[in-house]
Amino acid sequence: MSLKNSIKEFKAYLGDKDSVLDTNYQRIAQSIQLQWGYSEIYSYLNKLLLVEKERNRHGFPLEVLQEIHVLQQIHEKLFPGTKGDSINNVSGHPAKSKQKGPNWL
Numbered sequence: 001m002s003l004k005n006s007i008k009e010f011k012a013y014l015g016d017k018d019s020v021l022d023t024n025y026q027r028i029a030q031s032i033q034l035q036w037g038y039s040e041i042y043s044y045l046n047k048l049l050l051v052e053k054e055r056n057r058h059g060f061p062l063e064v065l066q067e068i069h070v071l072q073q074i075h076e077k078l079f080p081g082t083k084g085d086s087i088n089n090v091s092g093h094p095a096k097s098k099q100k101g102p103n104w105l
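Counted the way this note's numbering counts, the sequence shown spans residues 1 to 105.
These aren't lab readings, by the way, just hints derived from the structure by calculation. It is possible that part of the hints are untrue.
Claimed, not checked - Simulated DEER-style distance windows between Cβ atoms: (1) Gln66 - Gln33: 14 to 20 Å; (2) Pro61 - Gly15: 15 to 21 Å; (3) Ser31 - Lys8: 15 to 21 Å; (4) Ala12 - Pro80: 16 to 22 Å; (5) Gly59 - Lys17: 31 to 37 Å; (6) Pro61 - Ser31: 29 to 35 Å; (7) Gly81 - Gly15: 27 to 33 Å; (8) Glu63 - Asn5: 16 to 22 Å; (9) Lys11 - Gln35: 15 to 21 Å; (10) Gly81 - Gln26: 25 to 31 Å; (11) Glu63 - Lys8: 28 to 34 Å.
Since the model is a prediction, treat every value here as computed from it, not as a measurement. Backbone N, C-alpha and C fix where the C-beta goes; we use that ideal spot for every residue, glycine too.
Build out the structure end to end from the sequences listed, making use of the hints.
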């Protein structure tokens, strides 16, 4: 199942357009689907957005970056406690505070 079909808010954002992630980056789309609803998605999405000098990557087209950013915003809105978990729970201890992401949508 595609990201567009599995996340109704993403489908609403795309409208009649196809998702570039679904079309050209199926492995990434599948990884996002597997991590959807979990705090680990934030480190995965951030890793996608960073271009490391040691790796021979050229980065993504603007449309892909926009889709990743929108998916990040949707996730923060639907699962507000998970971002705080990924930030505060680095040492394995329960997070002391639940941070809400910005409500941009």
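Results of checking the hints against the structure:
Checked against the given bound of 14 to 20 Å, the beta carbons of Gln66 and Gln33, roughly 18 Å apart, stay inside it. Between Pro61 and Gly15 the C-beta distance comes to about 19 Å, which sits within the given range of 15 to 21 Å. Taken as a hint, the range 15 to 21 Å holds for the pair Ser31 and Lys8, whose Cβ atoms sit roughly 20 Å apart. Taking the beta carbon of each, Ala12 and Pro80 are about 19 Å apart, inside 16 to 22 Å as hinted.
Between Gly59 and Lys17 the beta carbon distance is about 21 Å. The supplied range of 31 to 37 Å is therefore violated. Under the hint 29 to 35 Å, the C-beta atoms of Pro61 and Ser31, about 18 Å apart, miss the expected range. The supplied range of 27 to 33 Å is met by Gly81 and Gly15, whose beta-carbon atoms lie about 29 Å from each other. Between Glu63 and Asn5 the C-beta distance comes to about 18 Å, which sits within the given range of 16 to 22 Å.
Taken as a hint, the range 15 to 21 Å holds for the pair Lys11 and Gln35, whose Cβ atoms sit roughly 19 Å apart. Distance hint for Gly81 and Gln26: a CB-CB separation of about 29 Å, consistent with the stated range 25 to 31 Å. Here the CB-CB span from Glu63 to Lys8 is close to 20 Å, at odds with the stated 28 to 34 Å.
Hints 5, 6, 11 from the list above are not met by this structure, while the remaining hints are.
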